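A.B. asks: Given chain A, put chain B in place with the hints provided.
Number of protein chains: 2
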Amino acid sequence: MLDCIIIGMGPCGISCATYLKRANKDVLVIGKDLGALSKASEIENYYAVGKISGEKLATKGLKEAISLGINCLHDEVLAIEYLDNGYKVITKKNSYESKTIMLALGKVRNSFNEAKKFEGKGVSYCATCDGFFYRNKKIAIVGYNNYMAIELDYLLNLTKDIIIFTNGNKMEVDNKGLLVVEDKISSFNGENKLESITAASTTYDVDGCFIALGSQNAFTLAKQLGLEIKDNNLIVDNNYMTNVPGIFAGGDVIGGLLQVAKAVSDGAIASINIINFLKGVNNV
Amino acid sequence: MLDCIIIGMGPCGISCATYLKRANKDVLVIGKDLGALSKASEIENYYAVGKISGEKLATKGLKEAISLGINCLHDEVLAIEYLDNGYKVITKKNSYESKTIMLALGKVRNSFNEAKKFEGKGVSYCATCDGFFYRNKKIAIVGYNNYMAIELDYLLNLTKDIIIFTNGNKMEVDNKGLLVVEDKISSFNGENKLESITAASTTYDVDGCFIALGSQNAFTLAKQLGLEIKDNNLIVDNNYMTNVPGIFAGGDVIGGLLQVAKAVSDGAIASINIINFLKGVNNV
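First to last, the sequence lines map onto chains A and B.
Numbers given in the working numbering equal positions in the first sequence, counted from 1, plus 16.
Numbers given in the working numbering equal positions in the second sequence, counted from 1, plus 16.
For reference, chain A alone in the conformation it holds in the complex (with noise of 0.2 Å):
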């Protein structure tokens, strides 16, 4: 029986990994892909890495994680099973047994098709990290809701000339004096990169575009376990754990700051609460 099985190769999974690892514990992570990480264009704000594609970023932390010989297994989890002392963890090809769980399972953006073509070229999902390279320029965001309200704060910070496209939705939240359009988007276009938005046979010229529609995350596996959930996060103690003695959650699964450097942390900071648990365990 393994130490801990980790879900989710990501920044939050691999450092926890990387931590346990280096404690001498037997632990596995299990992923589908590298997580939405490897679908940013460009990170900038990570601490001494300088500028790196989302994606380049994801594999070095993965390779790393190997070269330090940790298990990193490239599959999908469809359930995990209590058992008297641990937990199963089945996936589509295998079943692995262990005595904690650490959920790194990282948040799914939403988004629309028109959206997705532009990804990396003008599209972009988090203000945080790209607001920057549309200073002064003319952007568009796309959302309706308190979500959207909390992104544009941020974008006004860098640029006045903003159009928000609430795409069919009605607006929630105060528009801080810019022009809404609430028609549906029906096309996103540009010849390499977005150039406009066209909704209801107008279209707006812009340098960028901010999804901000919220976003979900496959909660399946946290409801089979009947883990408590709260605005689509999961809930975890201060020591990282969920409501289910053993299992614990950190990285954009519960929220907070969807950024590497908090998914980084908390997986750190959750290892050594792990470690903790695993006294207790080993004790009884």
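To be clear, the hints were calculated from the coordinates, so they are not data collected in a lab.
Warning: the hint list may mix true and false statements.
The list treats identical chains as interchangeable, and a pair is accepted whether it falls inside one copy or across any two copies.
Said to hold, decoys possible - Here are the computed lysine to aspartate or glutamate pairs in the EDC-like style, where the Cα-Cα straight-line distance is at most 20 Å:
1) K108 - E92
2) K295 - D169
3) K176 - D42
4) K41 - D177
5) K41 - D169
6) K41 - D146
7) K67 - E80
8) K295 - D190
9) K41 - E60
10) K186 - E198
11) K133 - D253
12) K76 - E60
13) K295 - D177
14) K192 - E58
15) K176 - D190
16) K76 - E58
17) K67 - E135
18) K295 - E130
19) K132 - D199
20) K209 - E135
Every value quoted in this text rests on a predicted model; they were computed, and no experiment measured them.
C.D. replies: Coordinates of chain B only, in the frame set by chain A:
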């Protein structure tokens, strides 16, 4: 007036500065050196970076910040003063004004364990703060360099009965005619408060002791500002703000996991709260 002055150029300070700069804030980083990280022989658990010396990692972090156009000064902060609309930071070479302050002061690892036992019970780190309580009493001062000389000068206003302990260091400054003990301190003794200090099997009776090792540290500044301190950590709220509005702190100085990962995350999350705080300031 700047938006934020960040004191400390380790992982927390630089991470915070990066986020603020990218949110278009006027930010200045001041540090007297690269901090504790630069003294770590090897870091192997910081996500996606692989094995690297602490000094290399700290230098890389600073370099990346400078390449983003962040102003990073090697200078030493001597004092922070309150202004009507912010703070004045006085350094050895200059002074600067800012709406907010971020204290990313780190933590000196090789602290003085013997002294710690009597903190608040006869051991003080600030002559200006506590010297008054020792008027005409017999006190010790632990130190050997310029910083000690400044503290000693202040104390000599209050009492002439002072013993200097260099704790194994070579005395670098004038002893002002006082007894200098250059042996390593072996113990601080006392029942409920400090009563004597033993070095090289000689015991010296004292009423109190001032630790003046190295330069101005976190707690001297913190005490000047009236910041809450507990168990050798600055106390911050969920927004990384201290008990003084506009003064934030993160990284090792607030305690918790003393790791690069956490420091970087603290800096990132604090930056978002600093940006929000600045909105309020600007609306006044």
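A.B. asks: Give a verdict on every hint.
C.D. replies: Going through the hints against the structure:
1. Only within a single protomer do K108 and E92 lie at most 20 Å apart by alpha-carbon distance; the minimum there is 6 Å, versus 58 Å between protomers.
2. Taking the closest pair of Cα atoms, K295 and D169 come within 20 Å of each other only across two copies (10 Å); inside a single copy the shortest separation is 43 Å, beyond that limit.
3. Taking identical chains as interchangeable, the C-alpha atoms of K176 and D42 lie at most 20 Å apart only when they sit on different chains, with a minimum of 18 Å there against 47 Å within one chain.
4. Taking the shortest Cα distances, K41 and D177 sit within 20 Å of each other only across copies (18 Å), while inside one copy they are farther apart (50 Å).
5. Only between protomers do K41 and D169 lie at most 20 Å apart by alpha-carbon distance; the minimum there is 14 Å, versus 40 Å within a single protomer.
6. Taking the closest pair of Cα atoms, K41 and D146 come within 20 Å of each other only across two copies (15 Å); inside a single copy the shortest separation is 37 Å, beyond that limit.
7. Taking the closest pair of Cα atoms, K67 and E80 come within 20 Å of each other both inside a single copy (18 Å) and across two copies (9 Å).
8. Taking CA atoms no more than 20 Å apart as the test, K295 paired with D190 passes between copies only; the shortest distance there is 16 Å, against 50 Å inside one copy.
9. Within a single copy, K41 and E60 get their C-alpha atoms only as close as 32 Å, which misses the 20 Å cut-off; across copies the closest is 16 Å, which meets it.
10. Proximity of K186 and E198 under a CA criterion of 20 Å is satisfied intra-copy only: 7 Å inside one chain copy versus 74 Å between copies.
11. Proximity of K133 to D253 under the C-alpha cut-off of 20 Å is found in neither arrangement, the shortest distances being 27 Å within a copy and 32 Å between copies.
12. For the homomeric pair K76 and E60, the shortest alpha-carbon distances inside one copy (15 Å) and between copies (13 Å) are both at most 20 Å.
13. Proximity of K295 and D177 under a CA criterion of 20 Å is satisfied inter-copy only: 18 Å between copies versus 52 Å inside one chain copy.
14. Taking the shortest Cα distances, K192 and E58 never come within 20 Å of each other, neither inside one copy (29 Å) nor across copies (49 Å).
15. Taking the closest pair of Cα atoms, K176 and D190 come within 20 Å of each other only inside a single copy of the chain (15 Å); across copies the shortest separation is 60 Å, beyond that limit.
16. Proximity of K76 to E58 under the C-alpha cut-off of 20 Å is found in both arrangements, the shortest distances being 14 Å within a copy and 18 Å between copies.
17. Taking CA atoms no more than 20 Å apart as the test, K67 paired with E135 passes inside one copy only; the shortest distance there is 18 Å, against 33 Å between copies.
18. Proximity of K295 and E130 under a CA criterion of 20 Å is satisfied in neither setting, with 45 Å inside one chain copy and 31 Å between copies.
19. In this assembly of identical chains, the alpha carbons of K132 and D199 lie at most 20 Å apart only when taken from the same copy (19 Å versus 66 Å across copies).
20. Taking the closest pair of Cα atoms, K209 and E135 come within 20 Å of each other only inside a single copy of the chain (9 Å); across copies the shortest separation is 61 Å, beyond that limit.
Violation of the numbered hints given earlier is confined to hints 11, 14 and 18; the remaining hints are satisfied by the structure.
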